[in-house]
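Peer 1: Those protein sequences? They're chains A and B, same order as listed.
Just so you know, we're using numbering that gives the first Met the number 0 here: the first sequence kicks off at 0 and counts up by one.
Just so you know, we're using numbering that gives the first Met the number 0 here: the second sequence kicks off at 0 and counts up by one.
For the record, the hints were derived by calculation from the structure and aren't laboratory data.
Keep in mind that this is a model prediction, so the values were computed, not measured.
Think of the CB as a built atom: it goes at the ideal place given N, C-alpha and C, for glycine as much as any other residue.
Mixed in with the good hints, there may be bad ones.
[What the hints assert, rightly or not] A partial selection of chain A residues facing chain B, derived with a Cβ cut-off under 10 Å:
#1 Met112
#2 Lys116
#3 Lys123
#4 Gly145
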Amino acid sequence: MTVRVQTEDFDAGAEMAAMRRSNPKIGAIASFVGVVRDINEGTQVAQMTLEHYPGMTEKALEQIVAQASTRWDIYDVLVVHRVGTLRPTDQIVLVVVASAHRGDAFQACEFLMDYLKTRAPFWKKETTPEGGRWVEARTADDAAAGRWS
Amino acid sequence: MKPNDVQTSTVEVLYFARLREIFGRDREQVELPGHVHSVAGLTEWLRSRGEPWQRELATGKPVRVAVNQEMAAPDTPVRHGDEVALFPPVTGG
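The shape of chain A in the complex, shown without the other chains (with noise of 0.2 Å):
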């Protein structure tokens, strides 16, 4: 299980193929990327700076991380979560789940995604033509969220 916050840019293939070569019991191998987009809500977004709390962000992903493990049949995961200036098209997160199978890495998967987006601390500021804007949380993620309690 390995959480990192990096500025750096990942290699999702290579991250991937790292894993399935780490354990022959891996059956599965479900994974999510984050894309920053060039529009959001009807603005164009020239970039995105992302904010964290450094020692906390670590903490809350490794917590994410350890419930996943205790609810579904899971050998590894990987939560890479980049901070720093971004750019439309750049990758902003990456979640690797392996598996014996594929319905627990597909479930595990979407839960570290629920999980991350309601409880890291992690902060979006939008750079748009109008001047930066921080982005604001979304119910919909809080909901998405809470359908696993």
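Based on these hints, arrange chain B on the given structure of chain A.
Peer 2: Relative to the frame of chain A, chain B by itself:
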């Protein structure tokens, strides 16, 4: 009177995202009066300093609080030496 009602406590307050910009600082050390023992007490004391704390930390504002890097509730204790972070609802992912 109990000793902890008169002794002041020093806590490190951290601000993130929008709150960091509005308060013009990412952290500050505050000396709290002896009667402040909780998250609710701390935010009330911060509000008593006037604007912009009064407005931004008003009841009903969507402000989250963590004590020593764990999510906290209004009744979570705040003690001498604690690290208390105030921030808006998170928007990562």
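Peer 1: Among all the numbered hints in the text so far, which are the ones the structure does not match?
Peer 2: Checked against the structure, the only hint that fails is number 4, while the rest are satisfied.
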